[in-house]
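Novice: What follows is the residue order along each chain.
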Amino acid sequence: MLKLSRYVLYDILRNKIVIAYTLFLFIVSFSMFRMEENSSKAILSLLNIVLIVLPLISLIFTTIHYYNSYEFIELMLSQPLSRTRILLSEFGGVCISLLSAFWIGVGVPVLLFSADETGFALLFTGTALTIVFTSIAFLASVRSKDKARGIGFALLLWFYFALIYDGLVLLILFAFSDYPMEKFTLLLSALNPIDLGRIFIMLKMDISALMGYTGALYKDFFGSGKGVLFTTVIMLLWATIPLWLAIRSFRRKDM
Amino acid sequence: MIRIEHINKKFRRLQALDNISANFYKGQVISLIGPNGSGKTTLIKSILGMVKPDSGKIFVKDQPVNGDPAYRSDIGYMPQIGRYPDNMKVGQLFDMMKKIRNADEKETDNDLVLQFNIPAIYEKPMRTLSGGTRQKVSAALAFLFSPAILILDEPTAGLDPLSSEILKEKIIYEKKKNKLILITSHVLSDLEELTTHIMYLQEGKMQFLKDLETLQEETDEIKLSKAIAKVMRGYETDNKWIDQIFLAEKKDERIY
Amino acid sequence: MKYFFTIVFSFLLLISFGNTIIVGPAQPIRSLKKAIEAARNKDTILILSGIYKEGSIIVTKSLTLIGEKNTVLDGEKKYEILLISGNNVVVKGMQFRNSGYSAMNDFASIKLVDCNNVTLENNTVIHSYFAIHISNTTNAIIRGNKITGIPTSEQLTGNGIHLWKSNNAVIENNHIQGHRDGIYFEFVTQSQIRNNLSEKNIRYGLHFMFSNDDNYLDNTFRNNGAGVAVMYSKRVRMEKNHFEENWGASAYGILLKDITDSHITFNTFLKNTVGVHMEGSSRIEIQKNSFRNNGWAIKVQASCDDNVFHHNNFTGNSFDVGTNGTMVLNKFYNNYWDKYDGYDMNKDGIGDIAYHPVSMYSMIIEQNPTTLMLFRSFMVSLLDKAEKAIPSLTPQNLLDDKPMMKILKL
Chain A
363 MLKLSRYVLY
373 DILRNKIVIA
383 YTLFLFIVSF
393 SMFRMEENSS
403 KAILSLLNIV
413 LIVLPLISLI
423 FTTIHYYNSY
433 EFIELMLSQP
443 LSRTRILLSE
453 FGGVCISLLS
463 AFWIGVGVPV
473 LLFSADETGF
483 ALLFTGTALT
493 IVFTSIAFLA
503 SVRSKDKARG
513 IGFALLLWFY
523 FALIYDGLVL
533 LILFAFSDYP
543 MEKFTLLLSA
553 LNPIDLGRIF
563 IMLKMDISAL
573 MGYTGALYKD
583 FFGSGKGVLF
593 TTVIMLLWAT
603 IPLWLAIRSF
613 RRKDM
Chain B
6 MIRIEHINKK
16 FRRLQALDNI
26 SANFYKGQVI
36 SLIGPNGSGK
46 TTLIKSILGM
56 VKPDSGKIFV
66 KDQPVNGDPA
76 YRSDIGYMPQ
86 IGRYPDNMKV
96 GQLFDMMKKI
106 RNADEKETDN
116 DLVLQFNIPA
126 IYEKPMRTLS
136 GGTRQKVSAA
146 LAFLFSPAIL
156 ILDEPTAGLD
166 PLSSEILKEK
176 IIYEKKKNKL
186 ILITSHVLSD
196 LEELTTHIMY
206 LQEGKMQFLK
216 DLETLQEETD
226 EIKLSKAIAK
236 VMRGYETDNK
246 WIDQIFLAEK
256 KDERIY
Chain C
26 MKYFFTIVFS
36 FLLLISFGNT
46 IIVGPAQPIR
56 SLKKAIEAAR
66 NKDTILILSG
76 IYKEGSIIVT
86 KSLTLIGEKN
96 TVLDGEKKYE
106 ILLISGNNVV
116 VKGMQFRNSG
126 YSAMNDFASI
136 KLVDCNNVTL
146 ENNTVIHSYF
156 AIHISNTTNA
166 IIRGNKITGI
176 PTSEQLTGNG
186 IHLWKSNNAV
196 IENNHIQGHR
206 DGIYFEFVTQ
216 SQIRNNLSEK
226 NIRYGLHFMF
236 SNDDNYLDNT
246 FRNNGAGVAV
256 MYSKRVRMEK
266 NHFEENWGAS
276 AYGILLKDIT
286 DSHITFNTFL
296 KNTVGVHMEG
306 SSRIEIQKNS
316 FRNNGWAIKV
326 QASCDDNVFH
336 HNNFTGNSFD
346 VGTNGTMVLN
356 KFYNNYWDKY
366 DGYDMNKDGI
376 GDIAYHPVSM
386 YSMIIEQNPT
396 TLMLFRSFMV
406 SLLDKAEKAI
416 PSLTPQNLLD
426 DKPMMKILKL
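Chains as they are written, first to last, in the working numbering: chain A, 363 to 617; chain B, 6 to 261; chain C, 26 to 435.
Derived by calculation from the structure, the hints in this document are not laboratory data. Values in this document were obtained by computation on a predicted structure and should not be read as measured data. Even glycine gets a Cβ: it sits at the ideal position worked out from N, Cα and C. One thing to keep in mind: the hints can contain errors.
Claimed, not checked - With a cut-off of at most 20 Å between alpha-carbon atoms, the simulated SDA-like pairs for lysine to any residue come out as follows:
{"id": "1", "chain 1": "B", "residue 1": "104", "chain 2": "A", "residue 2": "476"}
{"id": "2", "chain 1": "B", "residue 1": "182", "chain 2": "B", "residue 2": "61"}
{"id": "3", "chain 1": "A", "residue 1": "378", "chain 2": "B", "residue 2": "128"}
{"id": "4", "chain 1": "B", "residue 1": "57", "chain 2": "A", "residue 2": "525"}
{"id": "5", "chain 1": "A", "residue 1": "615", "chain 2": "B", "residue 2": "129"}
{"id": "6", "chain 1": "A", "residue 1": "403", "chain 2": "C", "residue 2": "317"}
{"id": "7", "chain 1": "C", "residue 1": "265", "chain 2": "C", "residue 2": "338"}
{"id": "8", "chain 1": "A", "residue 1": "403", "chain 2": "C", "residue 2": "310"}
{"id": "9", "chain 1": "A", "residue 1": "403", "chain 2": "C", "residue 2": "410"}
{"id": "10", "chain 1": "A", "residue 1": "566", "chain 2": "C", "residue 2": "363"}
{"id": "11", "chain 1": "C", "residue 1": "410", "chain 2": "A", "residue 2": "525"}
{"id": "12", "chain 1": "A", "residue 1": "378", "chain 2": "B", "residue 2": "153"}
{"id": "13", "chain 1": "B", "residue 1": "104", "chain 2": "A", "residue 2": "447"}
{"id": "14", "chain 1": "A", "residue 1": "566", "chain 2": "C", "residue 2": "401"}
{"id": "15", "chain 1": "B", "residue 1": "15", "chain 2": "A", "residue 2": "505"}
{"id": "16", "chain 1": "B", "residue 1": "15", "chain 2": "A", "residue 2": "506"}
{"id": "17", "chain 1": "A", "residue 1": "378", "chain 2": "B", "residue 2": "133"}
{"id": "18", "chain 1": "B", "residue 1": "57", "chain 2": "A", "residue 2": "437"}
{"id": "19", "chain 1": "C", "residue 1": "410", "chain 2": "A", "residue 2": "415"}
{"id": "20", "chain 1": "C", "residue 1": "431", "chain 2": "A", "residue 2": "400"}
{"id": "21", "chain 1": "B", "residue 1": "62", "chain 2": "A", "residue 2": "442"}
{"id": "22", "chain 1": "B", "residue 1": "94", "chain 2": "A", "residue 2": "400"}
{"id": "23", "chain 1": "A", "residue 1": "507", "chain 2": "B", "residue 2": "19"}
{"id": "24", "chain 1": "B", "residue 1": "57", "chain 2": "A", "residue 2": "611"}
{"id": "25", "chain 1": "B", "residue 1": "57", "chain 2": "A", "residue 2": "610"}
{"id": "26", "chain 1": "A", "residue 1": "365", "chain 2": "B", "residue 2": "110"}
{"id": "27", "chain 1": "A", "residue 1": "403", "chain 2": "C", "residue 2": "401"}
{"id": "28", "chain 1": "C", "residue 1": "364", "chain 2": "A", "residue 2": "400"}
{"id": "29", "chain 1": "A", "residue 1": "365", "chain 2": "B", "residue 2": "108"}
{"id": "30", "chain 1": "B", "residue 1": "15", "chain 2": "A", "residue 2": "415"}
{"id": "31", "chain 1": "C", "residue 1": "431", "chain 2": "A", "residue 2": "396"}
{"id": "32", "chain 1": "A", "residue 1": "507", "chain 2": "B", "residue 2": "86"}
{"id": "33", "chain 1": "B", "residue 1": "103", "chain 2": "A", "residue 2": "447"}
{"id": "34", "chain 1": "B", "residue 1": "57", "chain 2": "A", "residue 2": "447"}
{"id": "35", "chain 1": "B", "residue 1": "129", "chain 2": "A", "residue 2": "371"}
{"id": "36", "chain 1": "B", "residue 1": "57", "chain 2": "A", "residue 2": "505"}
Unchecked claim - Here are some of the chain C residues that sit facing chain A, going by a computed Cβ distance under 7 Å:
{"id": "37", "residue": "151"}
{"id": "38", "residue": "212"}
{"id": "39", "residue": "359"}
{"id": "40", "residue": "363"}
Please put together the full structure from these sequences, using the hints given.
Specialist: This is the structure in structure tokens:
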């Protein structure tokens, strides 16, 4: 599998979009740390990039890459390679290149300027979201027949996870404000990887506020080792289930 | 070498393959011909495992195609349109293929690589290549591992006459080595010098699979295109397609 | 050797004022009760190392009780250990443990009733219901005691240092943990609380009611169930205290309820769910404090008026100011807010546009606390931006019109 991933990776790493993406992340992170006297404020700005830009780029880039590689994938299919292996190699290649962009672009500045718990939480979330949204994008592109539809679907997914879902949550929380909703919010957060990542970072950044109303529940849940485990497991599920579904579709698909 | 048993494939409402059965043996050069949408590419892709038939079975060297992908190491495939990762260099593509096949440098058949002068472009990224050059790359890759079976989808389309000639000679050379070669082409004159058998498909149905001599005897025509045209009239089906072939031939002649 | 000198020195000292009676397991007088019975005013009783289980010991004479390193008075979980009612009593260097528990009475390890000039110094009190309980006393000095309770439930644990109806008390250098309230004041006036560390108490680190004209200086209140509550008092001065890590739905660095004419200066509020929570308070000057990494730095209920906040630093707080209404009768000026993103064209160090410390989302959370889950999400920042452009929910006159550009040196 590595044989193939290596070449996919080699191709993507020279891709202009990936290079631009890395530079963009690096310049933004670096200048935020330089501009803000307080590194926690810079982390706060980076939080928005990690939660919004990262999923968007992962989704769009992966989708475009998949469609651009369609003929290449066909050629690979004519070789003595299994379909699972081909898709996993593509996934591995895309994932590793997007992750390296993130680690160079955001990881290095964070480690230089703010290598504390919050910084690591941010890197963890960024890594997890990159993998999760790459996986989701593979599912979207394997399932949709043409490029335009695939990109449209990816954008829609992004819009849903980044914005619409939170709007729905707000509506639900207000509609049922007379009921105890604390435990329910845990479930709600698990249903959106962006929310889960955000709460994971908030737990380091805004622990004092979180300790307020939702009190012991959040602390017991996310604050302990159990919370890290929970977040990791849910993120893993978010990464593996779409990928598994994508492989399943891909194996049955006619090219 | 290849055994096809009653395969059917439907794309939504279109019956792409309709109960097709055939046996291909080594030493044969099979020309797959038929109008656009007749199921030629679908048949090839079924053999390669890219398209999964709704029913029926295909065996390559007695191995079923839906199982272990290892059977494909006996096949060299040249696609109709070869597209490769933009930033991959030609040399890397060849390296990768060799790694995938676990092939030694000695075992590889570099005839076409050398004749098309591909080493000269090893350092070029794929995106900078013209369509014709990419076709050369695809052809060289198909022959690289001296596979027992060659599947060539429109091999001469887009190639300049010189390269086209080189490729044809290579096919003839491989034919002599007792290999099974499947070719689809619109350019019947190209096939004429190569083919031993004709398989004719229309609307997903196999109309006939005959060797060239039989076809020539039956129709009393030496020229392949005319022979087929005659047969087609006999079948009383869509004759328009025959005209298309003549047109295509004329067009090709004009280009070269 | 050290003890030898202590003994000799105390002995010499006491010759001039009174006699010294020595109590110890191997001494002629083995019982502290007997010694007290035998003692006269101004005598000193030296209690040598040993465990004394004598039930309740009552002191009504002017005595000095001095313990050794391992002098332990054990209440066997049944008795109040030491009851003092008199003048000029000193209790030093003793260990009290296992006082009795009573749902009816406030059982304590050391109880002072109707006293004058009592000093409790360098004692250790462990596993008590109440540790030190003082009522109707003038000039009590409680210094350098180490008090450790067993935090169980609010009902089963009493307060660490409990004062009721007293005046001119000095509470300093004590370390209190694991009680219901670390330090409790009710009707206590003209008193000083200095340099104490009160932590991990079940309810309040400091609980303070109807107590006017008191000062709190240099204390640290950390990780208490509900922080510090200061209620129904006037003319209170709080300086250089640290309020840290008081976490919970109703935990506050300080809860100010019906406090008037007071000063809160040079304090540090670090990592509290709410730094300062104010209700029904007036004319408080809050200046030169540092609010760092709190959930809410300040919550001002609409029932507060004429309070002034100036020259404070607000950094790393999730929300700077929260409020429950749109009426604002308090003033903010010259504070440093790290969330301020205005500019300073004339370079005078003061931002040219006003800062609104109440964000839209803090108002929403006030209404529906569970929506905190969405804090810092893309949608919420859009809402906040929209609110800034077209204000509707947030009180527009709650603003700092002279925000500082640089962090203040405090």
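Novice: For the pair supplied as a hint, residue 615 of chain A and residue 129 of chain B, confirm whether the alpha-carbon distance does not exceed 20 Å.
Specialist: violated, 33 Å
Novice: CA of residue 410 of chain C to CA of residue 415 of chain A, is that 20 Å or under?
Specialist: holds, 19 Å
Novice: If you draw a straight line from the CA of residue 15 of chain B to the CA of residue 415 of chain A, is it 20 Å or shorter?
Specialist: Answer violated: residue 15 of chain B to residue 415 of chain A is near 42 Å, above 20 Å.
Novice: Given the hinted pair residue 566 of chain A and residue 363 of chain C, is their Cα-Cα distance within 20 Å?
Specialist: Holds, at about 18 Å.
Novice: Run the distance test for residue 403 of chain A versus residue 310 of chain C: straight-line Cα separation, threshold 20 Å.
Specialist: violated, 29 Å
Novice: Given the proposed pairing of residue 57 of chain B with residue 610 of chain A, does the C-alpha separation stay at or below 20 Å?
Specialist: Distance ~14 Å between residue 57 of chain B and residue 610 of chain A Cα, so the pair holds.
Novice: Going straight from one Cα to the other, do residue 15 of chain B and residue 506 of chain A come out at no more than 20 Å?
Specialist: holds, 19 Å
Novice: Quick one, are residue 15 of chain B and residue 505 of chain A close enough, alpha carbons at most 20 Å?
Specialist: Holds, at about 18 Å.
Novice: Does the interface hint hold: is residue 151 of chain C within less than 7 Å of chain A, judged Cβ to Cβ?
Specialist: Violated, because the Cβ-Cβ distance from residue 151 of chain C to chain A comes to roughly 28 Å (cut-off 7 Å).
Novice: Against the 20 Å threshold, does the CA-CA distance of residue 378 of chain A and residue 128 of chain B hold or violate the hint?
Specialist: holds, 18 Å
Novice: Do the alpha carbons of residue 57 of chain B and residue 447 of chain A lie within 20 Å of each other, as the hint requires?
Specialist: holds, 18 Å
Novice: So if I understand the rule, the pair passes when the alpha-carbon distance is 20 Å or less; does residue 365 of chain A with residue 110 of chain B pass?
Specialist: Since the Cα atoms of residue 365 of chain A and residue 110 of chain B sit roughly 17 Å apart, the hinted pair holds (cutoff 20 Å).
In this structure, the earlier hints numbered 1, 2, 4, 5, 8, 12, 22, 30, 37, 38, 39 are contradicted, and the remaining ones agree with it.
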